[in-house]
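Peer 1: Chains as they are written, first to last, in the numbering used here: chain A, 1 to 107; chain B, 108 to 725; chain C, 726 to 931.
Just so you know, these hints were derived from the structure itself, not from any lab.
Don't take every hint at face value.
Here are the computed lysine-lysine pairs in the BS3-like style, where the Cα-Cα straight-line distance is at most 30 Å [unchecked claim]:
no.: 1; chain 1: B; residue 1: Lys598; chain 2: B; residue 2: Lys526
no.: 2; chain 1: B; residue 1: Lys707; chain 2: C; residue 2: Lys903
no.: 3; chain 1: C; residue 1: Lys893; chain 2: A; residue 2: Lys20
no.: 4; chain 1: C; residue 1: Lys822; chain 2: A; residue 2: Lys18
no.: 5; chain 1: A; residue 1: Lys16; chain 2: A; residue 2: Lys78
no.: 6; chain 1: A; residue 1: Lys24; chain 2: C; residue 2: Lys823
no.: 7; chain 1: B; residue 1: Lys716; chain 2: B; residue 2: Lys598
no.: 8; chain 1: C; residue 1: Lys903; chain 2: A; residue 2: Lys16
no.: 9; chain 1: C; residue 1: Lys823; chain 2: A; residue 2: Lys20
no.: 10; chain 1: B; residue 1: Lys448; chain 2: B; residue 2: Lys132
no.: 11; chain 1: C; residue 1: Lys784; chain 2: B; residue 2: Lys707
no.: 12; chain 1: C; residue 1: Lys749; chain 2: A; residue 2: Lys20
no.: 13; chain 1: C; residue 1: Lys822; chain 2: A; residue 2: Lys24
no.: 14; chain 1: C; residue 1: Lys903; chain 2: A; residue 2: Lys18
no.: 15; chain 1: C; residue 1: Lys893; chain 2: A; residue 2: Lys16
no.: 16; chain 1: C; residue 1: Lys749; chain 2: B; residue 2: Lys716
no.: 17; chain 1: C; residue 1: Lys893; chain 2: C; residue 2: Lys903
no.: 18; chain 1: C; residue 1: Lys784; chain 2: A; residue 2: Lys24
no.: 19; chain 1: C; residue 1: Lys823; chain 2: B; residue 2: Lys716
no.: 20; chain 1: B; residue 1: Lys132; chain 2: C; residue 2: Lys903
no.: 21; chain 1: A; residue 1: Lys78; chain 2: C; residue 2: Lys822
no.: 22; chain 1: C; residue 1: Lys903; chain 2: A; residue 2: Lys24
no.: 23; chain 1: A; residue 1: Lys16; chain 2: C; residue 2: Lys749
no.: 24; chain 1: C; residue 1: Lys823; chain 2: B; residue 2: Lys707
no.: 25; chain 1: B; residue 1: Lys643; chain 2: B; residue 2: Lys380
no.: 26; chain 1: A; residue 1: Lys20; chain 2: C; residue 2: Lys784
no.: 27; chain 1: B; residue 1: Lys598; chain 2: B; residue 2: Lys638
no.: 28; chain 1: C; residue 1: Lys893; chain 2: B; residue 2: Lys707
To give an idea of the chain B side of the interface with chain A (calculated C-beta under 7 Å), a few residues [claimed, not checked]:
no.: 29; residue: Val285
no.: 30; residue: Asn343
no.: 31; residue: His349
no.: 32; residue: Ile353
A virtual CB, placed ideally from N, CA and C, is assigned to each residue, including glycine.
Now for the letters of each chain:
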Amino acid sequence: MAEEVSKTTEQYDYEKQKNKEEMKQQVISFALMIIFTIIAFGMVISDLNSLFVIPVILVLAAVQIGFQLYYFMHMSHKGHEMPALMFYGGVFTAFLTILALCALVWW
Amino acid sequence: MSTIAANKRGFGSALWDYITTVDHKKIAILYLVAGGFFFLLGGLEALAIRWQLIQPMNDFVSAGFYNELITMHGTTMIFLAAMPLIFAFMNAVVPLQIGARDVAFPFLNSLGFWLFFFGGIMLNVGWFTGGAADAGWTAYAPLSTTSAGEGVDYYVLGLQISGAGTLIAGINFLVTIVNMRAPGMTYMRMPLFTWTTFVVSALILFAFPALTVGLFLMMFDRLFGAGFFNADMGGNSVIWQHLFWIFGHPEVYILILPAFGIFSEIISTFSKKRLFGYTAMVFATVLIGFLGFMVWAHHMFTVGMGPAANAIFAVATMAIAVPTGIKIFNWLFTLWGGNIKLTTAMLWTLAFIPTFTLGGMTGVMLAAATADYQYHDSYFVVAHFHYVIVGGVVFGLFAGLHYWWPKMFGTMLNEKLGKLTFWLFFIGFHLTFFIQHFLGLMGMPRRYWVYLEDQNLDLGNFISTIGALMMGLGTIVLLYNIVLTCIKGEKVGGDPWDGRTLEWAISSPAPFYNFKQTPLIRGLDALWVEKSEGRKGLTPAEPLGDIHMPNGSILPIIMSFGFFVAGFGFIYQKYDLSWLTLIFIGMGISLATMLIRSVKDDLGFHIHKEDLDKEAGE
Amino acid sequence: MSDQDILNPKHMPHNPEKATLEGKNKFIGFWFFLGGETVLFASLFGTYLALRNSVNDGKSSEELFGLGLVFIMTMLLLTSSLTSVYAMYHMKNNDFKKMQLWLGITVALGLGFLACEIYEFYHYIHGYHFTMRSSAFGSAFYTLVGFHGGHVVFGLLWIVSLMIRNAKRGLNLYNAPKYYIASLYWHFIDVVWVFIFTVVYLMGVL
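The following block holds chain A by itself, in its conformation from the complex (with noise of 0.2 Å):
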């Protein structure tokens, strides 16, 4: 395992510092899906048009997914192809399945 080598005290800071920059982006993805949260309530209590809201807050909660799967679940590091491709197949599936059963049932 080429981990194993003794790492450098240099190195050690590197990687610190690199954790530190990347957990720094957390905070800020984490200030986000708050604010979107809040901006999703806010929409649905202030009597807007439900054909506009629909849509956004669906959105935004989208958003938040794609803050979740990149920056929490780190789906942006490399070595995630396969689990990409995986989630993105069961992604796919998920959205047939809604869609069936959102359109193609009869009363």
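Since the structure of chain A is already known, use the hints to place chains B and C on it.
Peer 2: Quick look at chains B and C alone, frame taken from chain A:
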């Protein structure tokens, strides 16, 4: 386990060994035996169905029992026979084909088997408690939600448990193929059986959760008074149909693609040629898997989804004929100019090509939505899916059994008896099902327990039943062959067929650590590459060293048993809430074993280099 | 790598969760599992969307849902997602104590969420006589939200047992992947909740 030399052991310790094993080759044998048992059970149910239909207005079985027979025949054959038998070959062969020492999650591999096993038993318990499931293998609501007794409850709980096992197995194979390939084994050098396993495992991953949810909804409806499919409460039974077929259509590709993989291996081996159009074959496999998710509603053309939806699903369905056609032609071109050897495995393969093509043709006929209104729920459909599932999957399983039996057991099935099985089963199959196309076109509906005299259905049904008996006879010959081979126990070498892929490079049966040294893969048909350069064995990718192996474990069978026990609690609490205790006991057992698994370190053990050397010297 | 190196590594690598083959397998396999879970929840969401107006003379979503509680629950769960990110941050810096601390906060927030959900269900059942048997909408609501709640319970049990099991021996290459996938699971629970509060609650009161 520091010494490798296998000693003669008593029956008890052999049983314990199989119950606790995490070795993929032993789990393969477990799948083969359990799947084989359920195959015989489903076959007996089929014979009973055909015997009832041998003459008009027959009274061999009652109408209610007939419903149970057709339901359990379909459910057993799909979930408890075909799936596990496919898993048997995947377990036996895939790790060997990619040069791995084991699967990615040996513990989960064992758990997957035991969940399937207990789920299978659960499904069949209904026979003894006043009637098995009787709402058809598709269990359409509201027939299924209002079916009296506990038969459908056993169907729901049994499939739930065995479905969890299947999902686990699927993830396991995906990770194995992604992470455990030997150096040099790129994706485009993987044998086609490994490729189909990969695609099928992805289909399992995306299709089974829909079934899981569907079964949960049905369980809540039947056992806890929910109203998902109950129109009185505002529910909608079409939801079940969608969920069932979102799972159910990929499921038929889950069954057929591995069979395609098996045939590809066999055709290539016994034509002494590399597979024609390997890249196209891989592409077609992936494309079939992808399209498999977009066609489920062709099972629902008559539901009333509207002409737009019907048209979309009709076109998508017909599109699948294209990649399948690519495969058929590639097999034919592999045969072309090949040095063909007609072994039993090859006979099944050659028989498969025209048989499956016939099933594919009727598939395109059924895909035409307007015409489907005529075919729907008639024997034409029955004939169609038996042509693809028996002519494709079962032929593939028989072919794989004869092809890989030496690798799994170190002995050789008798070729003469194998060919006898083939001819009996092959002729019997066409006698049974070819005539059913016409019975269907003449208006005979499926799932009816009797038909009237003098409606031109008498002779066709009689012929069909005779064919079924011949298939039964062929299966008996196969069983006799297996028993004979086990008694004789004549050993064969590691490479009886002059094979092309990695599994034939090691002894038969494979040593429990598979490869002493991980091989270096230098091309497609890795063993053939070495053979054609005049080498005896594989080029090792690593020096001889200690081999890390996983520990066996009793926990999987206990965990599965816990769910099995809880299943009874879920069913019988509908009569008396004191049965709830059984749920707590069962779930307690399962969760406790999960906790033990989580907190107890399991680091495996090492086989030392010296022991490997010693074995080589023997 | 010998067993000793895995349990007591001399140097923690940068990504301890993926340093061993077992760790890599767990990591990939768990992501695949989440792909399957996506379809599972999609089936539940689809069912809910198909049945959300089938109230059958019973209570409808507008009459039932109160956004205040949902907002609190959302904040609790979103914050718990961030705290588990902090825990993984300390795992990468090989600071076991802080990792356990942040996981402890995550568990506390998760328990808070669960308490709110139990209160909510209790309120619906006893205050409004709205149960799974009231209507198809009731069945779909309790099943979807209850499945998510069940995931929260399982996630909490998982994280707590990991924390207790490893409290004394610290981080190593054997348990780092376990911590990592538990945190992935926790994030996924949050992902599902984002859609639940949007699709079920916000769209339910519109």
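Peer 1: Holds or violated: Lys903 of chain C with Lys16 of chain A, Cα cutoff 30 Å?
Peer 2: Roughly 22 Å separates the two Cα atoms, so the pair holds.
Peer 1: Take a quick look at whether Lys903 of chain C and Lys18 of chain A sit within 30 Å of each other, Cα to Cα.
Peer 2: holds, 23 Å
Peer 1: Quick one, are Lys598 of chain B and Lys526 of chain B close enough, alpha carbons at most 30 Å?
Peer 2: Distance ~21 Å between Lys598 of chain B and Lys526 of chain B Cα, so the pair holds.
Peer 1: Taking 30 Å as the top limit, are the C-alpha atoms of Lys20 of chain A and Lys784 of chain C close enough?
Peer 2: Violated: Lys20 of chain A and Lys784 of chain C sit about 50 Å apart, past 30 Å.
Peer 1: Can you confirm whether the C-alpha distance between Lys823 of chain C and Lys20 of chain A stays at or below 30 Å?
Peer 2: holds, 15 Å
Peer 1: Hey, does the Ile353 of chain B contact hint survive, CB to chain A under 7 Å?
Peer 2: holds, 6 Å
Peer 1: Can the restraint linking Lys823 of chain C and Lys707 of chain B be considered satisfied, given a maximum Cα separation of 30 Å?
Peer 2: Given that 30 Å is the threshold and the Cα spacing comes to 24 Å, the pair holds.
Peer 1: Would the hint linking Lys822 of chain C and Lys18 of chain A be met if the CA-CA limit is 30 Å?
Peer 2: holds, 21 Å
Peer 1: Keeping to a limit of 30 Å between CA atoms, is the pair of Lys784 of chain C and Lys707 of chain B held or broken?
Peer 2: violated, 49 Å
Peer 1: Given the proposed pairing of Lys448 of chain B with Lys132 of chain B, does the C-alpha separation stay at or below 30 Å?
Peer 2: holds, 28 Å
Peer 1: Would the hint linking Lys893 of chain C and Lys903 of chain C be met if the CA-CA limit is 30 Å?
Peer 2: Holds: Lys893 of chain C and Lys903 of chain C sit about 16 Å apart, inside 30 Å.
Peer 1: Is it true that the CA of Lys598 of chain B sits at most 30 Å from the CA of Lys638 of chain B?
Peer 2: holds, 23 Å
Hints 11, 18, 19, 26, counting from the list given before, are not met by this structure.
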